[in-house]
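> Residue-level listing of the chains:
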Amino acid sequence: MDGSVIGFYVLAAVTVLASLGVIGQRNPMYSVMLLIVSFGGLSGLYVLLDAPFSAVTQIIIYAGAIMVLFLFVVMLLNASKEEVARTVALGPGGMRMAAVLSVLLGIEMLWALSRVPSSWFAQDPSATAISDVRQIGIRLFKTATEPGEQWGHVFAFEATSILILVAMVGAVVIARKERSS
Amino acid sequence: MTFSPELAAHLGLIFVIFNMLVLSAAFMVWLERKVCAYIQDRVGPNRVGFEGALQPFADVIKLLLKEPLRPKAADAVLFTLAPIISTAAAFAAFSVVPFGTSTTLFGLLDEPGIPLHVTDVNVAVLVVFAIASMGVYGIVLAGWSSNSKYALLGALRSSAQMISYELSYGMALAAVILMASSLSLREIVLQQQGYWLGFIPKWYVFPQFLGFLIFMTAGVAETNRAPFDFPEAEQELVAGYHTEYSSMGFAMFFLAEYVNMVTVSAVATSMYLGGWLGPFLPDWLAWIWFLVKVFAILFFYVWMRWTLPRLRYDQLMEFGWKWLLPASVLNLIFTAALVLWMQ
Amino acid sequence: MIPLNHYLILSGLLFAIGTAGVFLRRNLITMLLSVEIMLNAVNLTFVAVGRYWGTVDGQIITFFVMTVAAAEAAVGLALVIALFRHRETLSPDAFTALKW
Chain R
1 MDGSVIGFYV LAAVTVLASL GVIGQRNPMY SVMLLIVSFG GLSGLYVLLD APFSAVTQII
61 IYAGAIMVLF LFVVMLLNAS KEEVARTVAL GPGGMRMAAV LSVLLGIEML WALSRVPSSW
121 FAQDPSATAI SDVRQIGIRL FKTATEPGEQ WGHVFAFEAT SILILVAMVG AVVIARKERS
181 S
Chain B
1 MTFSPELAAH LGLIFVIFNM LVLSAAFMVW LERKVCAYIQ DRVGPNRVGF EGALQPFADV
61 IKLLLKEPLR PKAADAVLFT LAPIISTAAA FAAFSVVPFG TSTTLFGLLD EPGIPLHVTD
121 VNVAVLVVFA IASMGVYGIV LAGWSSNSKY ALLGALRSSA QMISYELSYG MALAAVILMA
181 SSLSLREIVL QQQGYWLGFI PKWYVFPQFL GFLIFMTAGV AETNRAPFDF PEAEQELVAG
241 YHTEYSSMGF AMFFLAEYVN MVTVSAVATS MYLGGWLGPF LPDWLAWIWF LVKVFAILFF
301 YVWMRWTLPR LRYDQLMEFG WKWLLPASVL NLIFTAALVL WMQ
Chain Z
1 MIPLNHYLIL SGLLFAIGTA GVFLRRNLIT MLLSVEIMLN AVNLTFVAVG RYWGTVDGQI
61 ITFFVMTVAA AEAAVGLALV IALFRHRETL SPDAFTALKW
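Chains as they are written, first to last, in our numbering: chain R, 1 to 181; chain B, 1 to 343; chain Z, 1 to 100.
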């Protein structure tokens, strides 16, 4: 019994249970904290997948920044407990339908994904552990100087940075209090 | 898993490091009170032990014997969880800091011995950064779950300050990573070997002086120390986010703050001051140099606290966003240009 | 070694949990959290398949997904704050003005 197999099952259990807690909890504060636990589990899974850079950026970006944002909003809006009058739009039949559809989605995905034949993927699990950050950097930023070389994802990187700038400005503008002139 | 002597030595090393961190927090308590006293032209604690050296232990015993209180309206789970998160993050961040070459425990182990760190990942700098950003949660949850207005205000201010200064912290780190072309702290220290002109060590503090200043300023702000300690200002906010905590909870926040200081100093030493590198000492004693450098930075921390006045909160945030962040970006650009030019 | 199917099943399960959260919870913030769960499930798939194909592209795509998720969370939460200012509630059932 390899250590990594135990690690996988433990981390997978933590992630799934924490995610179930996120959608099942009444208190949004607890939901946010449980999601942070879930992200921690996912980060561990990335480490098992030989992707330490993804694991660390998951903690920095998701658990360290996005969840702080959620936490601030929950605290500022004082969203304590969920209101009980939640059957206005959907009605009890609607909720049951939603639950059934979600379970169906889950079962369908499990069935489909467990039938993926392993011959679809290159059987090289213990080969090159491409976990070097240098590789990621090269793949991201490489500009093709000779013909036949492949460009890196430079354009996507720059576009994403503009996207973040736009989102930042947009968030500040949307959340601003209206000034009565 | 085979129980080899290396494994036993490694576990022993982890135990030693953990205890050293706790003892260094205790040492910091004493250092702070003595330095504060001498700066203020008085003597400080001198009754308990020689020159008051046992004072921190007396403080800890007092704190442990107090009654742990929890306000009735406080959220029980989060109230107890908050100091745990703070302390755990503070200790965990030290796990990737290297403080020496390898040791063979006086020949008990085989030749290369075990390296003197808890672990060495090839993304070590990012791990420090990640765990520092997790430390924000301890403060935010403490303030929120206390269900008290002083605590909430202190927590919101403190966490906003911490996440603002994390940006400059990261940019200063990025400049050093650019020069060292590695993310592993051990690699970064090893890149600083050698001397220019025979006597100036090749530490990164010399080419990256602005980066070092930025890093230290952001580090002081990250650990909520003066002059950035408005969130726990005694005069304005009672005690900020740890108002409602007593006994062990307060002790854990205290411990977390001092261990955070030690971690920031250790990371600054590894990245800018050359880690364990230094003349005259043999390799297996090199950790002494590390301790000396960390101690120098910690002394500087304490000295700053009792010399500089506290910044007002909006001054603090303005400084972080309008001055420190552009400075760190400029530093990064200049470093990048320099590295490109030198190739 | 852990076969790829295990990771895909886990990611499918997380995706279904996220979808269930979006359907079943009547609180705007929790709905956004469920969307984050879904994005993370997709990230896990990318990294797992990238590992099994021996490339680093999976991690790069997750890098971009994380960044876009951050932008989306920021704007989404700003919208939640603006909506809360109008109706003082976080339930999506209060914002039915555009229904016919």
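Worth flagging that the hints you see were computed from the coordinates, not collected in a lab.
Please note: incorrect hints may appear among the correct ones.
BS3-like mimics (lysine-lysine), calculated; alpha carbons at most 25 Å apart, straight line [unchecked claim]:
#1 B:Lys-72 to B:Lys-34
#2 R:Lys-177 to B:Lys-322
#3 B:Lys-72 to B:Lys-149
#4 B:Lys-149 to B:Lys-66
#5 R:Lys-177 to B:Lys-66
If we take Cβ atoms under 8 Å as the criterion, some of the chain B residues that face chain R in the derived model are [stated by the list, open to error]:
#6 Val-22
#7 Val-118
#8 Thr-119
#9 Leu-126
#10 Ser-133
#11 Ile-163
#12 Leu-167
#13 Met-179
#14 Leu-338
#15 Val-339
#16 Met-342
Ideal Cβ positions, reconstructed from N, Cα and C, are used throughout, including at glycine.
> For each hint, tell me whether it holds in the structure or not.
Going through the hints against the structure:
{"no.": "1", "hint": "B:Lys-72 to B:Lys-34", "verdict": "violated (38 Å)"}
{"no.": "2", "hint": "R:Lys-177 to B:Lys-322", "verdict": "holds (23 Å)"}
{"no.": "3", "hint": "B:Lys-72 to B:Lys-149", "verdict": "holds (15 Å)"}
{"no.": "4", "hint": "B:Lys-149 to B:Lys-66", "verdict": "holds (24 Å)"}
{"no.": "5", "hint": "R:Lys-177 to B:Lys-66", "verdict": "violated (46 Å)"}
{"no.": "6", "hint": "Val-22", "verdict": "violated (24 Å)"}
{"no.": "7", "hint": "Val-118", "verdict": "violated (16 Å)"}
{"no.": "8", "hint": "Thr-119", "verdict": "violated (11 Å)"}
{"no.": "9", "hint": "Leu-126", "verdict": "holds (4 Å)"}
{"no.": "10", "hint": "Ser-133", "verdict": "holds (3 Å)"}
{"no.": "11", "hint": "Ile-163", "verdict": "holds (6 Å)"}
{"no.": "12", "hint": "Leu-167", "verdict": "violated (10 Å)"}
{"no.": "13", "hint": "Met-179", "verdict": "violated (15 Å)"}
{"no.": "14", "hint": "Leu-338", "verdict": "violated (18 Å)"}
{"no.": "15", "hint": "Val-339", "verdict": "violated (14 Å)"}
{"no.": "16", "hint": "Met-342", "verdict": "violated (19 Å)"}
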